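Colleague: In the order they appear, the protein sequences are chains W and H.
Following numbering that gives the first Met the number 0, the numbering of the first sequence begins with 0 at its first residue and continues without gaps.
Following numbering that gives the first Met the number 0, the numbering of the second sequence begins with 0 at its first residue and continues without gaps.
No wet-lab data here; the hints were simulated from the structure.
One or more hints might be untrue.
Listed next, the in silico DSSO-like pairs over lysine-lysine satisfying Cα-Cα at most 30 Å (straight line) [claimed, not checked]: (1) W/K84 - H/K15; (2) W/K115 - W/K101; (3) W/K103 - H/K24; (4) W/K28 - H/K47; (5) W/K336 - H/K1; (6) W/K475 - W/K530; (7) W/K552 - W/K538; (8) H/K1 - W/K263; (9) W/K530 - W/K390; (10) W/K84 - H/K47; (11) H/K81 - W/K111; (12) H/K7 - W/K84; (13) W/K571 - W/K583; (14) W/K28 - H/K15; (15) W/K161 - H/K7; (16) H/K7 - W/K336; (17) W/K146 - H/K81; (18) W/K109 - W/K336; (19) W/K146 - H/K24; (20) W/K109 - H/K1; (21) H/K55 - W/K28; (22) H/K7 - W/K263; (23) W/K336 - H/K81; (24) W/K390 - W/K571.
Just so you know, these numbers come straight off a predicted model, no measurement behind them.
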Amino acid sequence: MPNYRANILCCAGTGCTASNSALIYDEFKTVLEKYELQNEVNVVKTGCFGLCQKGPIVAIYPDNVFYNHVKVEDVERIVSEHLYKGRVVEDLQLSDEDLETKEKILDINKIKFYEKQERIALRNCGKINPEDIGEYIAMDGYEALGKVLTSMTRQEVIDEMKASGLRGRGGAGFPTGVKWQFEADQPGDEKYIICNADEGDPGAFMDRSLLEGDPHAIIEGMTIMAYAVGAHLGYIYIRAEYPIAVNRLQIAIEQAHEYGLLGKNIFNSGFDFDLEIRLGAGAFVCGEETALIASIEGKRGMPTPKPPFPAVSGVWGKPTSINNVETIANVAQIINKGADWYASIGTEKSKGTKVFALGGKIKNTGLVEVPMGTTLREIIYEIGGGCPDNKAFKAVQTGGPSGGCLTENELDTPIDYDNLVAAGSMMGSGGMIVLDEDNCMVDVAKFYMEFICDESCGKCSPCRIGTKRLLEMLTKITEGEGTMEMLDEMEELCHEIKDTALCGLGQTAPNPILSTLNSFRDEYIAHIVDKKCPAGVCKSLLEYHIDPEKCKKCSMCARNCPVSCIDGVPGKEPYVIDTEKCIKCGTCLTSCNFGAVERI
Amino acid sequence: MKSLEDLKKMREEALKKVEMREGGKDYRVVVGMATCGIAAGARPVLNKLVEETAEKNYNCVVTQTGCIGMCVYEPIVEIYDKDENHTTYVHVDPEKAAKILEEHVGKGHILEEYTVEAARKGEGNN
Chain W
0 MPNYRANILC CAGTGCTASN SALIYDEFKT VLEKYELQNE VNVVKTGCFG LCQKGPIVAI
60 YPDNVFYNHV KVEDVERIVS EHLYKGRVVE DLQLSDEDLE TKEKILDINK IKFYEKQERI
120 ALRNCGKINP EDIGEYIAMD GYEALGKVLT SMTRQEVIDE MKASGLRGRG GAGFPTGVKW
180 QFEADQPGDE KYIICNADEG DPGAFMDRSL LEGDPHAIIE GMTIMAYAVG AHLGYIYIRA
240 EYPIAVNRLQ IAIEQAHEYG LLGKNIFNSG FDFDLEIRLG AGAFVCGEET ALIASIEGKR
300 GMPTPKPPFP AVSGVWGKPT SINNVETIAN VAQIINKGAD WYASIGTEKS KGTKVFALGG
360 KIKNTGLVEV PMGTTLREII YEIGGGCPDN KAFKAVQTGG PSGGCLTENE LDTPIDYDNL
420 VAAGSMMGSG GMIVLDEDNC MVDVAKFYME FICDESCGKC SPCRIGTKRL LEMLTKITEG
480 EGTMEMLDEM EELCHEIKDT ALCGLGQTAP NPILSTLNSF RDEYIAHIVD KKCPAGVCKS
540 LLEYHIDPEK CKKCSMCARN CPVSCIDGVP GKEPYVIDTE KCIKCGTCLT SCNFGAVERI
Chain H
0 MKSLEDLKKM REEALKKVEM REGGKDYRVV VGMATCGIAA GARPVLNKLV EETAEKNYNC
60 VVTQTGCIGM CVYEPIVEIY DKDENHTTYV HVDPEKAAKI LEEHVGKGHI LEEYTVEAAR
120 KGEGNN
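With the hints as constraints, model all of the structure from the sequences given.
Modeller: Here it is, written out as structure tokens:
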């Protein structure tokens with residue numbers, strides 16, 4: 000094996016792959032050969048660095064230089080300048096600006112995006128090659144599994160999990176150790192475990208990035224979990240829409256077999272464990288554990304009432320524990336560093352860290368991991384960089400279709416499971432969508448309700464019919480046909496659905512409506528009473544006009560109008576929009592150079 | 000793999016490959032790799048440094064930089080300690096490079112005779 004003097008790490012997460020990082024990797028290989036550096040410099044595909052906004056990202060070690068927005072044509076410059084001559088290519092370098100001194104910050108650890116983060120679950124993402132088990136082992140991988148199998152009893156493992164305070168990262172926050180105990184206490188030899196990688200919340204990509212960046216951490220965590228509960232077969236239920244993650248998992252499972260870390264008699268302990276991948280077909284409801292189990296069994300993915308809980312009667316009618324990807328990613332770390340270490344991070348009732356997928360109207364879109372107890376303000380402003388284009392922050396949506404919107408007033412709430420529920424939202428799996436002044440809150444509620452209507456499995460009527468009625472009322476409001484009575488009706492229906500729906504999907508489906516009704520009732524009223532959309536989003540309530548005083552009669556708007564509804568005479572008559580024909584696409588507004596088009 | 004020992008052995012092997020991505024070493028060995036350095040033979044020096052470091056587990060990272068500014072003394076190797084004190088070795092060849100690593104990084108002795116100060120003094124005497 001040649002001893003490389005430098006490593007080039009190319010992000011091969013889904014985000015960067017979408018912006019051509021695979022071609023960049025190939026180009027590095029080609030150009031390194033051209034410069035005869037292929038035996039000195041190694042190119043590695045790695046997982047998500049988290050700063051997807053700046054992707055594709057390329058890191059060069061040991062120099063610790065990060066390049067952002069790298070294009071294929073930049074590769075030659077990086078090789079010839081940085082790797083051949085040792086000069087950093089400054090214009091491509093990822094940097095931040097010190098707000099006070101205006102000095103450029105180039106040290107990756109001091110860049111605001113990373114400074115506030117504490118990466119436990121994501122520790123290897125962007126650092127190792129996920130397709131090489133050796134690199135995972137170099138980072139203390141499989142150490143925890145070895146320790147568990149050679150020196151701990153099953154109960155000791157469960158006790159360690161309980162003491163760590165780890166709670167389910169899928170959103171509900173059930174204590175992981177307690178869940179394992181339930182299954183371990185069940186009689187019988189045939190037991191199963193499942194890793195729930197059916198990540199479905201709009202805007203959430205934490206689990207995908209973990210699986211893509213550090214698949215062995217999931218395999219190790221699951222094997223420890225299986226030992227603790229007494230299972231010998233585990234399923235990873237992952238959606239087929241995650242091809243990169245599925246591929247890396249398959250490679251990782253094969254390698255673990257080769258090294259004897261999966262299969263019979265692991266670490267000579269007599270413990271056998273194997274893993275199988277099950278692909279989901281993209282139904283949101285299959286993230287619900289009973290529906291997920293049905294899907295694994297080859298049945299239609301629909302939930303069943305609980306009890307019986309899966310810990311008693313799960314897959315194939317046998318005791319089963321289901322944990323989320325991120326929960327499992329923490330397991331080996333807790334065993335290695337101890338429950339006390341883990342419990343020292345976070346708040347009183349929520350321990351450790353949480354990974355969030357930061358999206359929407361935010362400068363630094365990406366993946367962040369912060370200790371529990373970090374405030375929303377720190378995440379949105381210090382790590383995320385605030386809303387772009389100096390727009391005013393309006394709300395942040397957490398918890399996906401089951402969650403709610405939090406406003407300016409709640410920004411200083413330390414994030415944990417209980418605080419977010421108290422504030423009217425929920426932790427959820429970690430999607431965090433920032434909304435600014437240009438977002439209409441009624442439209443946001445409608446978006447989630449459309450999602451739920453699509454994804455409702457139809458088994459129970461509160462969810463199937465109730466959410467449909469909610470969507471109809473929301474649609475009327477956004478079209479200016481709402482009444483004030485509708486608000487009360489909606490609220491009542493919301494509570495009925497919450498009380499009567501069969502599974503978590505239906506029970507939490509009304510949350511986006513309830514939380515926006517609570518915090519942004521004035522916006523609903525503006526739609527209903529004034530027939531206006533304050534954010535200018537709901538098309539039916541908008542009108543476009545041209546100010547004849549400001550119009551320069553240049554005809555630009557008329558030439559760009561896709562439905563030819565603007566009339567005038569170039570240079571002579573000011574232009575006028577026929578509001579009857581207008582489809583409110585806004586093209587005239589953006590094409591006018593003189594600010595003569597107004598949206599009312 | 001059947002024991003913790005096996006795992007440990009494998010980890011040590013694998014570590015060599017990735018550990019240069021981690022900081023926290025006692026020394027940073029920097030090679031001037033501008034045109035002048037490369038022309039004077041810095042590349043074999045750099046490669047020798049990397050090889051030796053991996054083989055003998057020296058507590059340092061080897062990296063490269065641009066023109067250090069004293070082209071006449073190339074190839075130049077600078078060694079920084081944790082407090083950023085640095086020693087500049089000049090006219091380094093692969094053989095000297097190995098010796099520098101062994102003495103300076105391995106034992107903490109500065110090899111005075113290869114430093115830029117010694118080279119300058121020598122010129123003064125001539």
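Colleague: Please go over all the hints and tell whether each is borne out by the structure.
Modeller: Results for each hint:
no., hint, in the structure
1, W/K84 - H/K15, "24 Å, holds"
2, W/K115 - W/K101, "20 Å, holds"
3, W/K103 - H/K24, "26 Å, holds"
4, W/K28 - H/K47, "23 Å, holds"
5, W/K336 - H/K1, "23 Å, holds"
6, W/K475 - W/K530, "11 Å, holds"
7, W/K552 - W/K538, "26 Å, holds"
8, H/K1 - W/K263, "11 Å, holds"
9, W/K530 - W/K390, "24 Å, holds"
10, W/K84 - H/K47, "17 Å, holds"
11, H/K81 - W/K111, "25 Å, holds"
12, H/K7 - W/K84, "37 Å, violated"
13, W/K571 - W/K583, "25 Å, holds"
14, W/K28 - H/K15, "22 Å, holds"
15, W/K161 - H/K7, "28 Å, holds"
16, H/K7 - W/K336, "17 Å, holds"
17, W/K146 - H/K81, "34 Å, violated"
18, W/K109 - W/K336, "25 Å, holds"
19, W/K146 - H/K24, "28 Å, holds"
20, W/K109 - H/K1, "42 Å, violated"
21, H/K55 - W/K28, "29 Å, holds"
22, H/K7 - W/K263, "21 Å, holds"
23, W/K336 - H/K81, "27 Å, holds"
24, W/K390 - W/K571, "37 Å, violated"
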